[in-house]
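Generate coordinates for the entire structure from the input sequences, incorporating the hints supplied.
Quick note, the sequences are listed as chains A, B, C and D, same order. Residues in the first sequence are numbered consecutively from 67, following this note's numbering. Residues in the second sequence are numbered consecutively from 17, following this note's numbering. Residues in the third sequence are numbered consecutively from 5, following this note's numbering. Residues in the fourth sequence are numbered consecutively from 1098, following this note's numbering.
Hint data in this document are derived by calculation from the structure and do not stem from the laboratory. Quick caveat: nothing in here was measured; it's all calculated off a predicted structure. A few of these clues could be false.
Only pairs whose alpha carbons sit at most 20 Å apart, straight line, appear in this in silico EDC-like list of lysine to aspartate or glutamate [what the hints assert, rightly or not]: (1) D:1189 <-> D:1215; (2) C:93 <-> B:501; (3) B:513 <-> C:236; (4) D:1166 <-> C:169; (5) D:1166 <-> C:167.
Pairwise CB distance ranges, derived in the manner of DEER restraints [what the hints assert, rightly or not]: (6) D:1204 <-> B:353: 18 to 24 Å; (7) C:218 <-> D:1211: 50 to 56 Å; (8) D:1204 <-> B:322: 40 to 46 Å; (9) D:1124 <-> B:68: 40 to 46 Å; (10) B:503 <-> A:192: 38 to 44 Å.
Non-contacting residues of chain B with respect to chain D, defined by C-beta distances greater than 12 Å in every case (computed) [claimed, not checked]: (11) 56; (12) 120; (13) 121; (14) 135; (15) 150; (16) 196; (17) 202; (18) 255; (19) 274; (20) 285; (21) 291; (22) 351; (23) 424; (24) 433; (25) 491; (26) 503.
Ideal Cβ placement from N, Cα and C applies to all residues, glycine included.
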Amino acid sequence: MARLRLATVWLGGCSGCHMSFLDLDEFLMDLADRVDVVYSPVVDAKEYPEGVDLVLVEGAVANEDNLAMIRRVRERTRILVSFGDCAVTGNVTALRNPIGGSDGVLRRSFVEQTDRDPQIPFAPGVLPVLLDRVTPVHSVVSVDLYLPGCPPPAPRIRAVLEQLLDGRPARLAGREIKFG
Amino acid sequence: MEKNELVSLVEAERASRRPVQVRVCTASACLASRSREVAGRLRSAAGRAGMVDRVDVREVGCLRLCSAGPLVKVEPEGVLYERVGVEQADSIVGAIGGGRAEARIGDPSGPFFARQLPMVLENSGVVEPERIESYLAAGGYGQLDRVLRELTPEEVVEAITRSGLRGRGGAGYPSGLKWATVAKMPPGRKFVICNADEGDPGAFMDRSVLESDPQRVLEGMAIAGYAVGAEQGYVYLRGEHPLTIHRLRLAIDQARRLGVLGSGIFDSRFNFRIDLRIGAGAYVCGEETALMASIEGRRGTPQPRPPYPAQSGLWGSPTLINNVETLANIPAILREGAERFARIGTASSKGTKVFALAGNVCRSGLVEVPMGTSLRTIVEEIGGGAPEGRSIKAVQTGGPSGGCIPASQLDTPVDYESLKALGSIMGSGGMIVMDDRADMVDVARYFMEFCRDESCGKCIPCRAGTVQLHRMLVRIRDGQATRDELHRLERLCEMVKHASLCGLGQAAPSPVLSTLRFFREEYESRLTGG
Amino acid sequence: MSVHTLRIDEKDVSARAGQTILEAASENGISIPTLCHLEGLSNVGACRLCLVEVAVVGGGTRLAAACVTAAAEEMVIQTDTDRLREYRKMIVELLFAERNHVCSVCVANNHCELQEMAVSQGVDHVRYDYLEPRCDVDLSHPRFGLDHNRCILCTRCVRACDEVEGAHTWDVSGRGTLSRVVTDLNAPWGASETCTSCGKCVMACPTGALFHQSSTVSEMIHERTRLSFLVDAREKKQWHA
Amino acid sequence: MNAPTKAVGQDEAGSGSHPSGDDRFARIDEAMRRHRFEQDALIEVLHAAQEHFGYLRADLLQYIAHGLKLPPSRVHGVATFYHLFTLTPRGKHTCVVCTGTACYVRGVERLLAAIESETGAVPGRTTPDGRITLEVARCVGACGIAPVVVFDGNAEGSQTAESALDRIRKWNDHGEE
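Structural data, given as structure tokens:
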């Protein structure tokens, strides 16, 4: 049986979901036996490849890079998992939304809340442009499975991966779907 | 006032009439076109022409063809003038008794009037709404007088039941059954409420009835009070309509002064008092439990039913709530007899129905037709079809709780069941004609915005559901929604319809569902991929 | 006192006259989801989560809110059908979309009825737009705080204050989705002239909208059963543990 | 918040100047007395207060709560539930655009947009200079002559963007009248 091509993606989030993923401890060894990690913040791959079987997407869609990335990910991936509350609900990343569009947020952060040298950062091509609103992943592309939690506890991640590795349609139920 | 004094008052009123009556419409739409100034000029013109002994200028209620106002009608000649300007007063007075005025002459025997059957509106445009004498001289309060002398309360309820009258406020609940329920509650404090909180956008029937013939509604309420054993009535009026408030307040004062309301009415042992309660701008207060909360001075949020108001209503007492048109039917039913009334209309919908015909239609105004008249007769014959040679696309009935009936279904008779079968409702009688330019998705969006803004916020499906439905409709209209979103819209409509606490929320999805049913391609053609 | 027999979820149960479907179900170990209901307070039938299907004569069912519908003789009730599950899920999603419920940073995280409701109704994501209203946080009261971001307008605080404490400090202002709970004339809570600082509203709150000022993320544990304790003590002279 | 002025009870009925120094409070007293200080009369009393003061100031709400012995939050809840009550001052002129169905079908949304862009007014608000309060009504019930705009209380039918703007410009032209 061909090895599963696994990717993990980090959009607008704190990387806590990835930390929780690393908390899978010895299961990571089992996983290494059964999958090729083709793209992830923890591996050295510059470009998101074609033909990915499964991706865990951490973080909300917060800037234009995130937006381009998630669209590419969707195109090139069979099963897309919204991984953690930021991806599923917007969560902390989306806390800025009620403040207003990107201008309001930048002004609040870099002008109003700054004591020295207030200025709005502007570096085209270096700093990605913020979107006016942070959105969960499923409001931009279709999502196959939701894995909530902030972060999702390692056993919950493992449960999903095991189901998917066994070729079963993954399903979370009961307490496994709790936000927060 | 003693009864014989009333009789002589009526006689004096009749004797004061001059041979020619010039009736000037002073209902809302004509007033907005300065009809009161027209009346003043007509009076002074009659003075200048030395005709004060022969000509009466009377400020009457709605002459019905609102789109051609200000309207003036000269009786007994039966000449109708349209769009009368103040400068035409002399000419109109000059034409009395023969001759032709320099004014636009309407056709009182044309299709707008000929296809109508005024019963609720029989006094509209005839009596003077601000003078009770005028109503009395037209036989007003005769039925209250007779009922108190000749009928037991049970017999009155019986007559209303036999007439087959159904509530004109929306749902069409049998009025006799409602009356009987309240009547059968143990004696004690009971109330009659006239629901005049006509809030549907595009509806002005009840308002016109109250502005044209307010005493008739008060008489209906008093008869209802006698029948169910109530001594106190409330009229719950919209605060948005100062003219209606003014006329009703005046009407109640006059009726009280003459003793046709108050203690020992017509020398009987029956007491009945009516007070006004003025709403303050909340559509949801048309819902009866919200209306009662508002009368009690609280936020107009609906309560779960049961208990129904008939069992436990205002301040926990049995309460009869009828709408304006329902109550305005009562004197006519008792005068003509239940059987004659029941011969008008269809098997299940008896009598007439007043509609407020408006929108993209040549002749708009107040229309009263027998139940069972086809929509086509109303919009094409009476209304004259769409203006500028356009075609009719849909007719909206029932306001935000109703639906859009496509032109292909115009032969549908207007009765409670037929309209319901088309996913609309009779509602209180708003009827808006839409021509081929109408964007049905936007129509649905328009009504959803209304419901969103008028949701009281108590129950979640209505409060939060209408907000989401509105956003979805905007996206669909603007071509930004996927098929998946259309599916979500339909599921959410189902939930809001079935899970909401009161009629506002339950009916909020109706305009969406009915446009989806008849104009689905307008939704589908705008969907984007996905 | 008369007793009705009825059927709830294929189980024959009895109910005293005047009991609601919710009470009858609960006494028989059948749980129906609720949010605006709280033991010890009046019922308002507002959250619609307790809708159940009641069989009607001639076939089909009608929906009735179990908290305000009296149990009646020979009623046949289903509390957990596909349709009800679908509606309940939508209702919970609508609530999450309406205000800013960020469980991970909420004082009531892991002690929240809304969060639990999402779990029990299988809400793993929200299909509707997050409305993201700008909401105030009122920290003017020396002991308590009010975070409108978390309020679901269940009005349990309003009823607890009115019915149990008797102060009627709280009410609802505005309407529709712009409704807000307010103290007095919408003055800061700390400036309220009617508030007795009894904390019953805080006890009653299902979410992190009302909280003790000292609590940080996940620390706010409401004592919701204390209200029924007080009511029973006052009305029945029973001080149950 | 200022302590509420004491409501005049039945025993103090009289038409002299009001203890608060503002005789308009006597009109509120009158409305409360007419309803025998019954709590059910709250909406009627709020109508009276708004009629005489133009809008419902916080001290009026406090005064009414005190007079009817109602909790302040309930008075606030009622005053904010109903559209016709306003807790902020109105402009010198009011322009109420009917957005009922007949007016909608006859294109009132374009008319409203024209008024908004010309005056900078937002429905439900008063312009910052305090001149014009723009409002939308859900239906003023004069559908036969749609579209309808109510200028300072006078309903005018068959309006166009031009005719409505003409009316509004006249307000501005006539300065401080």
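Consistency of the hints with the structure:
As the CA atoms of residue 1189 of chain D and residue 1215 of chain D are separated by approximately 17 Å, the hinted pair is consistent with the 20 Å bound. For the suggested pair residue 93 of chain C and residue 501 of chain B, the alpha carbons sit about 17 Å apart, so the restraint of at most 20 Å is met. The straight-line distance between the Cα atoms of residue 513 of chain B and residue 236 of chain C is roughly 38 Å, outside the 20 Å bound, and the hint therefore fails. A threshold of 20 Å between alpha carbons decides the hint, and for residue 1166 of chain D with residue 169 of chain C the separation of about 17 Å falls inside it, so the pair holds.
For the proposed pair residue 1166 of chain D and residue 167 of chain C, the alpha carbon gap of about 17 Å is at most 20 Å, so the pair holds. Separated by about 47 Å at the C-beta atoms, residue 1204 of chain D and residue 353 of chain B break the suggested range of 18 to 24 Å. A hinted range of 50 to 56 Å holds for the C-beta pair residue 218 of chain C and residue 1211 of chain D, which are about 55 Å apart. Checked against the given bound of 40 to 46 Å, the beta carbons of residue 1204 of chain D and residue 322 of chain B, roughly 45 Å apart, stay inside it.
The hinted range of 40 to 46 Å is satisfied by residue 1124 of chain D and residue 68 of chain B, whose Cβ atoms lie roughly 41 Å apart. A hinted range of 38 to 44 Å holds for the C-beta pair residue 503 of chain B and residue 192 of chain A, which are about 42 Å apart. Every CB of chain D is more than 12 Å from the CB of residue 56 of chain B (nearest about 16 Å), matching its label as outside the interface. No Cβ of chain D approaches the Cβ of residue 120 of chain B within 12 Å, the least distance being about 15 Å, so the stated non-interface status holds.
At the 12 Å boundary, the C-beta of residue 121 of chain B stays outside the reach of chain D, the nearest C-beta of that chain being 19 Å off. Every Cβ of chain D is farther than 12 Å from the Cβ of residue 135 of chain B; the closest lies at roughly 21 Å, confirming the non-interface assignment. Every CB of chain D is more than 12 Å from the CB of residue 150 of chain B (nearest about 23 Å), matching its label as outside the interface. At roughly 28 Å from the closest C-beta of chain D, the C-beta of residue 196 of chain B stays outside 12 Å, upholding its exclusion from the interface.
No Cβ of chain D approaches the Cβ of residue 202 of chain B within 12 Å, the least distance being about 23 Å, so the stated non-interface status holds. With 12 Å as the threshold on Cβ separation, the claim that residue 255 of chain B sits away from chain D is violated: the shortest Cβ distance comes to roughly 5 Å. Every Cβ of chain D is farther than 12 Å from the Cβ of residue 274 of chain B; the closest lies at roughly 22 Å, confirming the non-interface assignment. The claim that residue 285 of chain B is not at the interface with chain D holds, since no C-beta of that chain comes within 12 Å of its own (minimum 26 Å).
Look at residue 291 of chain B: its CB is around 10 Å from the nearest CB on chain D, not clear of 12 Å, so calling it non-interface is violated. The beta carbon of residue 351 of chain B is kept farther than 12 Å from every beta carbon of chain D, the shortest such distance being approximately 28 Å. Every CB of chain D is more than 12 Å from the CB of residue 424 of chain B (nearest about 19 Å), matching its label as outside the interface. Taking the minimum C-beta to C-beta distance to chain D, about 24 Å, the non-interface status of residue 433 of chain B holds against the 12 Å cut.
The non-interface label for residue 491 of chain B is consistent with chain D: the shortest C-beta to C-beta separation is roughly 18 Å, beyond 12 Å. Remark: the non-interface label on residue 503 of chain B is consistent with the geometry, its nearest Cβ contact in chain D lying 28 Å away (cut-off 12 Å).
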